[in-house]
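Chemist: Listed in order, the protein sequences are those of chains P and W.
Residue numbering for the first sequence follows this note's numbering, starting at 1 and increasing by one per position.
Residue numbering for the second sequence follows this note's numbering, starting at 196 and increasing by one per position.
Hints should not be assumed to be uniformly reliable.
[Said to hold, decoys possible] A few chain P residues facing chain W, derived, Cβ under 8 Å: (1) P72; (2) E111; (3) A150.
[Stated by the list, open to error] If you only want the chain W side, here are some residues facing chain P, beta carbon under 7 Å, derived: (4) S240; (5) T276; (6) A281; (7) K282; (8) M283; (9) M285; (10) R287; (11) H307; (12) M309; (13) A344.
[Unchecked claim] Simulated coverage check for chain W against chain P, where a stretch passes if three residues somewhere in it have a Cβ under 8 Å from a Cβ of chain P: (14) 242-254; (15) 261-273.
None of these hints come from the bench; they were simulated from the model.
Here the structure is a predicted model, which is why all the values come from computation and not from measurement.
Note that the Cβ used here is the ideal one computed from N, Cα and C, for glycine as well.
What follows is each chain in one-letter form.
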Amino acid sequence: MRTTCAARAGGVAISLLLWSCAPGTDPELEVLTLGGDFELASADGSRFRLSDRSQEVKLLYFGYTHCPDACPAALGKIQEVERLLGAKREALLTLLVTVDPARDSSERLREWLDFFGVRGLGLWGSEQELRELASRYGAFFERSPQETAAGYLVDHTTYLFLIDRQGRLRKVIGSEVEPVRIAKWIKQLLREPNP
Amino acid sequence: MLLRSLPQTALLLLAPALVAVPSRLCGESTLGIRTGGWVRAVPASAEVTAAYLVLENRGTAIETLVGAASPACQEVELHETVQEGAKMRMVRVERMEVPAGGTLELRPGGAHLMLIGLRAPLEEGSKVPITLRFASGTVLEVELSVLRAAPASPAHCHDP
Numbered sequence: 001m002r003t004t005c006a007a008r009a010g011g012v013a014i015s016l017l018l019w020s021c022a023p024g025t026d027p028e029l030e031v032l033t034l035g036g037d038f039e040l041a042s043a044d045g046s047r048f049r050l051s052d053r054s055q056e057v058k059l060l061y062f063g064y065t066h067c068p069d070a071c072p073a074a075l076g077k078i079q080e081v082e083r084l085l086g087a088k089r090e091a092l093l094t095l096l097v098t099v100d101p102a103r104d105s106s107e108r109l110r111e112w113l114d115f116f117g118v119r120g121l122g123l124w125g126s127e128q129e130l131r132e133l134a135s136r137y138g139a140f141f142e143r144s145p146q147e148t149a150a151g152y153l154v155d156h157t158t159y160l161f162l163i164d165r166q167g168r169l170r171k172v173i174g175s176e177v178e179p180v181r182i183a184k185w186i187k188q189l190l191r192e193p194n195p
Numbered sequence: 196m197l198l199r200s201l202p203q204t205a206l207l208l209l210a211p212a213l214v215a216v217p218s219r220l221c222g223e224s225t226l227g228i229r230t231g232g233w234v235r236a237v238p239a240s241a242e243v244t245a246a247y248l249v250l251e252n253r254g255t256a257i258e259t260l261v262g263a264a265s266p267a268c269q270e271v272e273l274h275e276t277v278q279e280g281a282k283m284r285m286v287r288v289e290r291m292e293v294p295a296g297g298t299l300e301l302r303p304g305g306a307h308l309m310l311i312g313l314r315a316p317l318e319e320g321s322k323v324p325i326t327l328r329f330a331s332g333t334v335l336e337v338e339l340s341v342l343r344a345a346p347a348s349p350a351h352c353h354d355p
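Required output: the full structure, derived from the provided sequences and hints.
Modeler: Here it is in structure tokens:
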């Protein structure tokens with residue numbers, strides 16, 4: 001095992017070697033106290049509950065479809081993560097939670113996921129449900145007071161929340177993190193035992 | 196997925212040849228754009244999108260971008276995405292400066308043109324004409340390609 005790992009790691013840093021040999025012990029993916037189970041409306045009219053999807057690692061993103069810059073970029077990034085995952089992409093579920101419930105329907109969110117070729121669910125809730133969920137995960141959103149011909153814009157956090165198959169938050173990923181690193185973390189979570 | 200990504204990959208490879216042909220060639224004018232400018236492709240129901248480009252000012256005075264318009268949409272606004280701690284804010288601005296002998300980069304996660312009230316769905320690979328107005332009175336007509344993602348490495352505009 002050690003030889004295999006060493007060969008695989010090539011001349012990269014020892015920390016990386018240890019990381020690849022011992023999945024689950026990476027301090028980068030410690031279980032975080034934020035987050036937790038939740039329920040929201042899904043595009044098909046059913047209720048989505050996080051704890052019902054125990055076979056997939058989840059990427060949770062708070063965004064909206066009138067967002068011209070950050071949200072399409074985030075979905076494009078997830079698309080790249082899926083490409084990097086190859087066959088394992090089936091084990092990743094993206095959850096696009098709206099921060100603009102007045103204009104976004106869950107169908108509209110689904111259209112966005114389809115457009116970007118992302119395997120995921122558009123989730124919708126009342127303003128109160130969404131605020132409660134966002135605060136539990138350490139996300140934030142508010143209507144921008146700026147005047148724009150687009151009606152209004154929503155200021156929001158652009159984190160991707162990486163959730164393991166047991167529904168535990170394992171990483172809060174900033175928008176600067178490259179897809180290759182995210183894919184690596186997801187693969188790592190998929191190597192962990194799933195009781 | 197593979198089928199979906201193949202044309203896209205081909206498009207990205209061709210991107211340097213496809214994108215951003217300003218009506219005034221970069222090398223002949225004091226104000227121009229580098230090749231590689233693009234408009235983000237969005238789903239058919241989308242009402243807004245963003246355009247990105249790099250403005251080059253070869254002159255000796257600051258050029259200030261004060262407005263833009265496009266037949267593809269009702270309004271074009273100048274916006275900046277500003278990261279404030281963990282929060283991403285969109286800030287509408289009235290002007291953007293292109294320093295003398297320098298560039299102004301409009302890119303994802305930063306300054307961009309916001310195309311509002313799209314009149315028709317933007318076809319990936321099609322071109323969107325945009326008129327850029329500067330405080331000096333200069334008007335720059337550009338055409339940007341509709342792409343799903345930024346071209347890999349935008350080529351620079353070289354002197355002839």
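Chemist: Does each hint fit the structure? Answer for all of them.
Modeler: Each hint tested on the structure:
1. Restraint check, P/P72 versus chain W: the minimum CB separation of about 5 Å is within 8 Å; hint holds.
2. A cut of 8 Å between beta carbons decides the hint on P/E111: the least distance to chain W is about 5 Å, and the hint holds.
3. For P/A150, the suggested interface contact is upheld, since its CB lies about 5 Å from the closest CB of chain W, less than 8 Å.
4. A distance limit of 7 Å between C-beta atoms decides the matter here; for W/S240 the minimum to chain P is near 6 Å, and the interface restraint holds.
5. Nearest Cβ of chain P to the Cβ of W/T276: about 5 Å, under the 7 Å cut. The hint holds.
6. Taking 7 Å as the C-beta contact cut-off toward chain P, the hint placing W/A281 at the interface holds, the least distance being around 5 Å.
7. Interface restraint check for W/K282: the shortest CB-CB distance to chain P comes to about 6 Å, inside 7 Å, so the restraint holds.
8. A distance limit of 7 Å between C-beta atoms decides the matter here; for W/M283 the minimum to chain P is near 5 Å, and the interface restraint holds.
9. A hinted interface residue such as W/M285 counts as satisfied when its beta carbon comes closer than 7 Å to some beta carbon of chain P; here the least separation is about 5 Å, so the hint holds.
10. Look at W/R287: its Cβ gets to within about 5 Å of chain P, closer than 7 Å, so that hint holds up.
11. Satisfaction of the interface hint for W/H307 is found here, the shortest Cβ-Cβ separation to chain P being roughly 6 Å, below the 7 Å cut-off.
12. The criterion of a C-beta within 7 Å of any C-beta in chain P is met by W/M309, whose closest approach is roughly 5 Å, and the hint holds.
13. Proximity of W/A344 to chain P holds as hinted, the smallest CB-CB distance being about 5 Å (cut-off 7 Å).
14. Residues of the stretch 242-254 of chain W with a Cβ under 8 Å from some Cβ of chain P number 4, which satisfies the need for three, so the listed coverage holds.
15. Note: the stretch 261-273 of chain W has 3 residues with beta-carbon separation from chain P under 8 Å; the three-residue rule is met and the coverage holds.
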